[in-house]
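Protein chains: 4
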Amino acid sequence: MGKAHANAMARLPMFFPDAPPIERHTLVGRDEGALADAAERFGFAHTATDWRDALDEVDVFYNLGPNHVHAEPSIAALEAGVPVLCEKPLAPTLDEAAAMRDAAAAADVPAGTAFNYRFVPAIRYAKGLIEDGELGDIRQVRGRYLQDWLVDPEAPWAWRMDADMAGSGALGDLGAHTIDLASFLVGDEVGGIDRLSGHLETFVDERPVYADGDSGEDGDGDDVDDRAVEEYRDVTVDDAYSAQVAYESGATGTFEATRFATGHKNDHTIEVHGSKGSLKFSLERLNELEVLREGDRGYQTVLVTDETDPYVDRWWPPGHVIGWEHTFVHENYEFLRAVSTGNVPDTFPTFEDGYEVQQILGAITESDERGRWVDL
Amino acid sequence: MGKAHANAMARLPMFFPDAPPIERHTLVGRDEGALADAAERFGFAHTATDWRDALDEVDVFYNLGPNHVHAEPSIAALEAGVPVLCEKPLAPTLDEAAAMRDAAAAADVPAGTAFNYRFVPAIRYAKGLIEDGELGDIRQVRGRYLQDWLVDPEAPWAWRMDADMAGSGALGDLGAHTIDLASFLVGDEVGGIDRLSGHLETFVDERPVYADGDSGEDGDGDDVDDRAVEEYRDVTVDDAYSAQVAYESGATGTFEATRFATGHKNDHTIEVHGSKGSLKFSLERLNELEVLREGDRGYQTVLVTDETDPYVDRWWPPGHVIGWEHTFVHENYEFLRAVSTGNVPDTFPTFEDGYEVQQILGAITESDERGRWVDL
Amino acid sequence: MGKAHANAMARLPMFFPDAPPIERHTLVGRDEGALADAAERFGFAHTATDWRDALDEVDVFYNLGPNHVHAEPSIAALEAGVPVLCEKPLAPTLDEAAAMRDAAAAADVPAGTAFNYRFVPAIRYAKGLIEDGELGDIRQVRGRYLQDWLVDPEAPWAWRMDADMAGSGALGDLGAHTIDLASFLVGDEVGGIDRLSGHLETFVDERPVYADGDSGEDGDGDDVDDRAVEEYRDVTVDDAYSAQVAYESGATGTFEATRFATGHKNDHTIEVHGSKGSLKFSLERLNELEVLREGDRGYQTVLVTDETDPYVDRWWPPGHVIGWEHTFVHENYEFLRAVSTGNVPDTFPTFEDGYEVQQILGAITESDERGRWVDL
Amino acid sequence: MGKAHANAMARLPMFFPDAPPIERHTLVGRDEGALADAAERFGFAHTATDWRDALDEVDVFYNLGPNHVHAEPSIAALEAGVPVLCEKPLAPTLDEAAAMRDAAAAADVPAGTAFNYRFVPAIRYAKGLIEDGELGDIRQVRGRYLQDWLVDPEAPWAWRMDADMAGSGALGDLGAHTIDLASFLVGDEVGGIDRLSGHLETFVDERPVYADGDSGEDGDGDDVDDRAVEEYRDVTVDDAYSAQVAYESGATGTFEATRFATGHKNDHTIEVHGSKGSLKFSLERLNELEVLREGDRGYQTVLVTDETDPYVDRWWPPGHVIGWEHTFVHENYEFLRAVSTGNVPDTFPTFEDGYEVQQILGAITESDERGRWVDL
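So the sequences go chain by chain: A, B, C and D.
Using my numbering, you'd call the opening residue of the first sequence number 1 and step up by one each time.
Using my numbering, you'd call the opening residue of the second sequence number 1 and step up by one each time.
Using my numbering, you'd call the opening residue of the third sequence number 1 and step up by one each time.
Using my numbering, you'd call the opening residue of the fourth sequence number 1 and step up by one each time.
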């Protein structure tokens with residue numbers, strides 16, 4: 001995430017010259033050696049091992065750490081009048097998320113949640129179609145996020161598998177994106193979620209910690225056999241979740257995510273059916289949108305790379321595709337513009353949005369625990 | 001359905017000469033005029049307006065009527081020692097389905113439920129891969145069946161929208177297929193469904209009955225505006241359902257169907273993830289199977305039309321695709337062979353299978369009504 | 001081919017009751033034993049080992065033999081006033097094709113060339129779009145037909161590899177279909193071919209004849225290793241061809257076919273670009289047509305299975321796909337209707353059409369031999 | 001092109017820290033005002049309106065201008081011992097290209113032709129498969145490059161339509177990429193091109209020059225109607241080309257490109273068939289490669305974003321796609337490393353490679369003019 005945001009900031013002057021000028025001032029981390037290397041590579045002038053030291057020095061604070069260190073620094077920054085962009089999900093618990101939302105409400109500086117998929121041109125184009133009524137009344141939404149990095153039971157334990165540090169597993173890590181994207185796209189049409197049913201499942205209950213300290217982040221497990229297992233540690237989060245939701249308007253939705261979908265690396269899809277049309281999006285083909293409008297007999301595979309498409313005029317000619325990282329450039333552009341102008345666009349994901357997602361994640365967990373539908 | 005089965009029977013001699021010889025003896029229906037025409041076209045020697053009259057005359061009984069006339073004739077036939085092939089879902093209520101299952105258990109003739117999608121070559125090929133362990137331990141199943149023939153709120157009312165006659169809507173009509181297909185493919189690996197959560201939704205509560213008596217079966221609604229609406233009648237079944245399931249093995253599943261997916265005509269898909277591989281099937285491309293095996297880096301798009309593929313050697317050379325109707329030919333072949341030999345293959349869907357599907361449909365409805373997970 | 005046509009005839013009464021009644025009278029072949037079995041299976045009342053004996057007995061003559069036995073019987077039939085449907089390509093040589101065309105012109109009964117792909121609903125739908133001007137001025141056509149049954153150099157020799165019997169290889173067997181389909185779709189718009197450049201290539205010059213007499217028709221070569229090679233025989237036709245063409249209108253085309261495209265079984269595709277739109281068709285997904293119309297931003301994947309689509313109302317509801325064999329049913333329907341009514345529809349492929357295709361195949365061969373563009 | 005290379009250079013330090021340090025020294029252009037703006041935006045310290053002035057100041061020279069200004073400055077730079085990276089095609093005429101090649105041969109500094117598609121990870125992965133023999137003997141290659149920016153006959157005239165400035169049209173602009181990519185992928189296996197047949201076509205012979213001076217580069221023609229036409233100027237290059245080629249090994253190839261393929265923006269595809277396998281690549285889905293290996297039954301859709309894939313470890317985790325611009329980063333990395341180490345990797349496109357492509361383009365043109373196959 002640090003690399004993705006540092007890169008985004010570095011690219012703004014050439015492609016978004018109307019973004020405010022940026023100085024990459026202080027990089028915060030735990031390990032001083034690694035920090036110095038990273039600062040040099042990512043173009044930061046200073047480093048700090050305590051975020052408190054950095055807060056006084058900067059005009060904007062990016063909180064890109066693990067979920068359990070989102071709340072305290074973000075709240076402190078906001079209380080100090082420093083705008084914050086925080087990675088998702090907002091916090092491991094709903095209480096912390098509420099505190100963050102409240103801090104944001106009390107502050108008069110922007111507080112953003114980094115739901116970067118809102119900034120995919122194809123998603124913006126989709127939102128425009130829905131707002132313009134091209135799909136008619138929205139009836140159904142379907143979202144899923146498939147990865148496979150935990151399919152090997154001997155893939156190493158990592159902080160993302162620990163409830164205290166991560167809050168939840170696939171639910172918070174992947175589901176948060178899907179839930180936010182669905183709200184972003186159809187929330188204005190279908191209202192909030194009225195009630196939902198959730199299901200969490202952990203397929204592998206404990207995982208090895210290896211002597212070489214591989215964090216398991218990459219999940220490839222290639223050299224698992226060569227390594228000594230130091231211990232097995234409990235997996236206390238979900239490997240997969242699913243949810244059924246009823247919206248206020250009567251529309252319905254189904255959502256799921258998993259880290260066990262063999263062969264799927266980063267397959268985030270969202271589909272919407274309305275009374276006049278339908279659309280489908282897949283992150284692994286993020287330059288495309290499948291659109292079916294009134295009168296169409298099949299989905300059009302639209303390459304969303306025309307000059308007139310959102311953000312595209314900043315980049316390359318039609319047909320010259322962009323990648324995952326560009327979503328961060330757009331996100332940083334919008335956030336830093338909001339910081340400099342004081343105006344946060346409606347479409348920018350705030351702490352309030354982050355909290356609402358968290359609330360839904362919490363309701364999914366509660367539904368799973370209680371074995372029943374939960375009202376929101 | 002009558003046309004599909006009559007066609008299947010007519011094609012057996014040329015392509016499945018090892019099937020028993022068939023005489024299309026008596027066609028049963030209500031309207032004598034229409035019946036005579038249909039009998040001629042579909043090659044039946046006799047007609048009857050009361051199924052009781054036909055039962056004494058025939059060696060095999062096909063029950064292809066609406067759901068609410070499945071139970072009585074099927075049970076009578078079985079009690080008379082006449083083998084029965086009955087369309088799905090088995091019955092509008094679980095009690096009727098149980099009575100049918102019991103009658104089948106008491107009879108010593110085959111009683112089949114017409115889950116024709118079990119007979120798609122690509123599905124058989126998929127089942128073989130799973131049985132051979134090519135996908136490893138099955139972790140997740142995902143099925144959905146999307147149609148759009150009710151998306152227009154003025155599409156005419158039909159018996160399929162009435163709870164008494166149809167039992168349920170998308171759930172029984174479409175969901176029954178998906179539930180059975182999932183059981184067929186992975187049931188041996190993941191065991192039965194342990195518990196589930198269901199959701200039914202009716203988007204349009206009442207629909208017009210038109211003066212011209214259009215049954216609305218085709219759902220095209222083209223000439224809706226020209227027709228006088230006689231009355232509005234209640235829609236008492238679901239337009240869409242979804243379900244989350246937990247299998248005995250710890251595997252999970254998500255299912256859904258809808259008649260409101262604008263742009264989707266008959267889009268039945270099923271996806272399976274195992275510890276070693278994954279697969280995807282779509283009915284609209286029924287000659288293909290997407291398969292990812294251990295060591296593969298992506299799904300192979302397999303055209304399941306090789307000589308060595310199930311049933312394919314009976315038809316055409318590799319690459320010469322077959323259609324939806326061929327599933328009925330295969331189904332009739334297997335059923336009539338079972339009748340003549342007395343041996344029902346494990347893979348053939350029986351009344352017992354039909355009952356189990358019904359039980360799951362019932363649990364989905366119960367879960368929706370009670371707002372909680374239901375154990376099976 | 002015999003099986004495909006016999007099946008087509010058998011299916012007409014149920015699905016095309018307005019077709020004339022058909023008696024499968026006499027089946028002609030060389031081997032009396034095999035002939036009797038085939039006649040029984042395919043529903044023929046009589047057999048004959050000399051086509052001359054059959055001619056007096058029948059009202060219609062189907063010539064489905066190898067290319068080198070197309071001319072004589074077809075001409076004899078036409079001279080006897082018997083309508084003929086002949087498989088493609090019309091003849092191994094242009095002279096023979098010309099004689100057949102002349103015989104057809106002199107007769108007053110229908111003489112059809114069995115270009116069955118004209119009868120795919122998606123192709124008919126495509127033709128309608130082009131005729132209606134939906135694609136604007138046609139600029140470019142692209143056709144290719146990919147198979148892989150000869151990729152193994154030890155795949156057995158067969159008559160299709162012999163210039164005397166087959167005329168040409170991939171060119172006549174596959175290219176004839178593509179050339180005819182292109183003419184059918186855009187001929188009215190772009191005129192005839194003005195000039196062309198052709199290329200033929202034989203990758204494997206000789207192939208084994210095996211002791212067990214496998215004709216190599218299936219090309220699977222599975223048990224090659226177990227068999228004794230009796231001799232190697234020359235391959236005197238092309239394994240692959242390509243062509244560049246200039247149409248009278250100024251439009252251009254590129255065509256190719258091969259029996260060496262590893263992984264492609266029967267992959268016949270055709271693509272058309274016009275000033276307003278484009279379309280793409282693939283035989284392996286023959287229920288679909290990719291269409292891009294004026295104002296569209298991408299190709300629509302149209303499932304050509306609606307009631308309003310050509311021939312589809314005879315079959316099944318929307319979304320219920322048909323197969324390769326259905327093209328033969330449509331072809332037989334149109335041909336036999338033409339025989340009974342005396343009116344041959346403009347869209348039906350005649351001997352004249354077959355001759356014109358042959359002329360183009362000949363020009364491709366001549367261009368290859370002379371190393372230069374050839375005018376037509 | 002300037003933007004693409006400036007961006008590439010700017011990104012090297014963060015992602016390719018082993019690239020030599022780069023100073024963006026002098027930007028050369030004609031219009032002083034535009035130049036100053038561009039220099040600021042793209043991070044250049046100096047500007048010059050005469051390339052001669054820049055040559056003395058720089059260590060490396062990038063020639064990104066129109067084709068007709070490629071030769072003189074590139075040769076001058078090489079004679080001055082300055083490494084050159086020149087955009088493709090190398091020159092409008094074969095003579096100029098030969099002079100450039102000779103200058104490069106005489107110099108002892110790297111001279112690169114900017115065939116950036118060689119640097120797509122999926123293409124590198126494909127090349128590796130071919131080198132490793134995974135496809136067996138290469139039999140056939142198929143390349144095409146489809147765009148549609150000239151489909152409107154009133155799209156404005158631009159320098160790319162002038163033979164003197166551009167040399168050729170779709171042939172040089174698009175075909176050069178395809179020809180080079182084919183050589184890059186299979187050249188070692190199939191040898192050079194033995195002989196070929198070419199076809200050039202200009203669909204629209206003259207085009208308007210508008211009063212507002214729109215260069216027509218973007219080809220959108222949105223506001224055509226509002227603009228006064230000053231004059232019509234001749235289009236003296238091809239709108240589309242095609243070629244058939246015979247390789248030394250006996251393999252064959254077909255190539256084409258067009259600016260008239262309605263609906264296609266930047267659709268560059270290449271397909272290869274070998275005796276054991278096949279592959280397909282499409283630039284609009286540049287993160288993917290379709291691969292069919294021995295034993296596979298269908299193409300695998302491989303997402304070439306794994307850590308082990310070429311260049312990917314420098315970027316993002318598996319499944320996080322990159323875009324068109326990344327090919328320039330890789331190209332600049334390799335070129336600048338070659339400059340600093342003095343070692344030019346075999347895979348880097350040199351002036352020699354550029355010349356060979358030019359020779360093929362020339363032969364295609366000659367073949368078209370002479371109406372016959374041309375030997376190389």
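Take these hints with a grain of salt, some might be off.
Repeated chains share a single entry, so a pair holds when one copy, or any two copies, can fit it.
Here are the computed lysine to aspartate or glutamate pairs in the DMTMM-like style, where the Cα-Cα straight-line distance is at most 20 angstroms [stated by the list, open to error]:
1. K276 - E23
2. K127 - D375
3. K127 - D212
4. K280 - D267
5. K276 - E154
Calculated from the structure, these hints are not laboratory results.
Every value quoted in this text rests on a predicted model; they were computed, and no experiment measured them.
Structure-based check of all given hints:
no.	hint	verdict
1	K276 - E23	neither (48 angstroms within a copy, 47 angstroms between copies)
2	K127 - D375	neither (27 angstroms within a copy, 40 angstroms between copies)
3	K127 - D212	neither (46 angstroms within a copy, 35 angstroms between copies)
4	K280 - D267	both (13 angstroms within a copy, 14 angstroms between copies)
5	K276 - E154	between (48 angstroms within a copy, 14 angstroms between copies)
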